[in-house]
Structures are given as structure tokens and as C-alpha cells.
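Visitor: Sequence:
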Amino acid sequence: MQQLLNYHSNMRTMMKNIFYLFVAALIFTGCDDYLDINENPNAALEPPLEGLLANTTYNSGLNVYRIGATTSFYTQYLASPNEASAIDIYERVNTDGAWSNIYRMLANISDLQMFAEETSSVHYTGIAKTLTAFNLGMAVDVWGDIPYSEALNFQSLTPAYDGQEALYQEIVTLLDAAIADFNTENLGLPVDGDSDFLHGGDIAAWTKTANALKARYLNHLSGLGSYDANAVLAAVDGAYTSNDDDAQISEFQVRNPWGQVAVNNAGLVLGGWLSEQVVDAMNGTTFGVFDPRLPLITDPLPDGVTYRGTVNGEGRIGDGTTPEESVLTTDGFFSSSDSPLFVVTYAEVKFIEAEAALRAGDAARAYDAYIEGITASMDKIGVDPADRDAYLADPVVGVGSGSLTLDLVFKEKYVAMFLHPEAWVDARRYNHAYADFTPPTNNELGSEYIARFDYPDTEYLRNPGQQPTVTLTDKLFWDAN
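In terms of my numbering, the sequence shown has 252 at position 210, counting the first letter as 1, and numbering is strictly consecutive.
Hint data in this document are derived by calculation from the structure and do not stem from the laboratory. Yeah, the Cβ is synthetic: ideal placement off N, Cα and C, and Gly gets one too. Warning: the hint list may mix true and false statements.
Computed Cβ-Cβ distance ranges for the label pairs, DEER-style [what the hints assert, rightly or not]:
#1 A246 x D270: 20 to 30 Å
#2 T447 x D270: 41 to 51 Å
#3 G444 x Q197: 53 to 63 Å
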């Protein structure tokens, strides 16, 4: 066991062993449902903080993909190549995998925090609280009410569900506590940089990430009377100042999971087809301006010019063996083998700032943040500076502070958040008011948009009667449109 947990300082060597680390961590915390609460927690060997840190930072990053693999169809980044595919047309899909991975991480993060507190390792404690807030936030934003207060303490075989609003308060409390921990002198073990897949042990970077996440979750409340734009902006002030600050994982056991989708599609295991909505938003069809990020996300069709998306619910045009529609490619920025997976980015923070400043009546600050958000996104993806500047100068984009609207902020943020589950939060907050955005063909929900995930089959089986009675169109508490 010690050999499995003895990590080399070289990151790539660590990644070769991540699977074994994951198995070891599951032995400590249980590999099914919440914490496998039939197990005796005192029987577990005490794992090192380094191993738990590697496991939780790496898999928290992967959870962005695990949730985004579903939400990207609801935001119409992706469309199924098959007509009337369940995920395209809002049929109920089983979310067991996403649920179990979220709870597995909450369990392992709970262990990380426990061992950190026992050793007075306050910076590890801050990381644990930040990761808890992040995973908890992703879960609440797709399921709503979920088990939390009784789910991690071994006290109940059928943990009760906590309410969404209370969980949001807990998220902000956790992030405030994390920020305080990061600003406290560490009397315990220093954070091992080689085991930290998000920030390499940089506590200043973690402080910025906690603030960025706080800004994100406070901004989700924009449709409620309790929304405080100034509180959002205060969190932004403590968050990122450049793309270098982004929380992302860039090392994988084999490849980025979106890269695996692209590899599979190239081998005719069809997937990763881009929706007509996002392609038309970028190729000039919807807005009359070509977005230079598009060629870095996907390849043109064989004519070297055309980009064509797939209509959600209608399926592909051809037989899938010849390129007639745009797909995630093996050399695309988001879908190459070594593409990063993003937890939270500088570009997102700037769009949060633009929205909050606009709601607060500070048009000048809002416009500066809007332009910087676009710039950050293009620079991150690798757009040529001349193409970037031409896009920013286009009158459709560079409208000036007096003409900036929330529509423009959401339009640009939609492109910048490509494939990220956070984009589905935006779509629901914005009432899906993107230009030309319509429900899918063959919509199982009639004319309505899907508003949440259903609870997984395993929850109905193992924890019956605890779930609230909801439908796929019942909105979450912050979705007040």
C-alpha cells in the first residue's frame, strides 16, 4: 500500500499511477453510494494527505466533464448524430454515474478535511472546503435538493435531502471559511505541490479560486430579490487577474475525456457532434460576424470554408462516415488528448464581473470586463491577436459602454464557456433567450426546456421516499424566470 501512495515528484509519473491512487482512496472511503455507510470507518488505514489531495483535485476536475457530458446537449453545444436521441429530446436519462462520482468526491474530500484538521494543516483544510463547495455546487445546480448533512457522517442508511437554498448558504459559508484558512498561518503539513493537480500547492492561487467560485455562486442568484451585485463584485476583486490563474487539470492518465470522445468519433463511434446553435452563433449565420475561435474548436468541412452544426433532435444529415457536419476534432483546443479541463477561469470571472457591474449600474466597469472576458477567452484558445482585435472591433461586438446589454454579455459568455456545465446554469437564468435558441426537434417536454436532472435510479432504489416529487420541468430555486 505504501508503494502505491509513494508518488514521484514528476507529474507525468504521478498520472501513470492515478488509477491505483483512486483504487486506494476508494478502499479508504468506499466506492458506492455516499460512503458505503455499512462499513466501519475506524477500520480504514489513515491515508496520507498527499494521496487524498491528488485524488480529489484530479477527480473534481474530471467531474466537470462528467456533468458537462450531459449538460452540453441541453445548452446545445452538442447534438446527437442520431435522430430523437434521449439526451437530445429531454427524455429522462439515468444519472447514476455523475451522482456516484460527485458523492465519491464529497466522501474523499471529507476525509481530506478530517485528516487535515487532525494534523493542524490549515491550508489542506482550506482546499478541502473549496473542493466541497465546488462539487456540492455542481450537484445542487443539476439536481436541486440532495443529501448532504446526513450523507457524510455514517449516521443514516437513508440520509435526508437538504434544501437547495440552505445548501447554497453552505456553499458560500464553506468558501468564506476556506479563504480564512488560506490566510491563516499553517502550523501543520505544507501542501504538497506535486499532488495538487489544480494549483500545484500555490495557496495564493487557491485563495483566488475560492473567491472566483464565491462570485459564481452569488451571481447565480441574479433572479432573486436577495441578489447583491456588490457582493459579487467584491468576490471578483479577490479572484483571478489573468489566464495564468485558471483552475484546470492538464495531466491525464490517458487523455482528456473530451479528447476520447473525439478519438471515438474519428473511429466512427459517433459522438461529439456540434449543435447547429453554437456553430451558427460562431460562423456568422446568427450575428453576421465570424468568431475566430471556431477553427480552433472544430475543422471546416472538406470545402475548407463551411461549418455546419447538427439540429438537436433531428440527427445527422448523412451516414456519419463522411464529414458533412462539424464535430469535436482530435486537434481541437477542447478535445485534443492533452487539452485542459477547466474548473473556473479568468474569462468566466470577467463575464461574471460584466454582468454584476451592469446590474449594479456601472456601465464602464461592465464594458471593460466584457471586452476583457472575450480577450481572455480568445487568448486562452490561441486566437491570432490580429483576428482577435478585428473581432473586438466589429460593431456587433465592440458596442461601447453605453450600448452594452445583458444579452451581449450572455452571448459572449456562452461561447467562452463551451462544454462547461456552468453554461447550463446561465441558460436557465437567462431563460434560454440566446438568439435563435429553440427547444429540440421531437421534444419530449412539448415546448418547454428541461430544468433539472432526475435523481438516479440507485437513489430511488437505495434511499426511497427521501426525494422530493419533481418533474424535469420543475425549476431550481434560483431559476426565477
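Visitor: The structure should be examined with respect to each hint, and the outcome stated for every one.
Guide: Each hint, compared with the structure:
no., hint, result
1, A246 x D270: 20 to 30 Å, "26 Å, holds"
2, T447 x D270: 41 to 51 Å, "21 Å, violated"
3, G444 x Q197: 53 to 63 Å, "57 Å, holds"
In this structure, only the earlier hint numbered 2 is contradicted, and the remaining ones agree with it.
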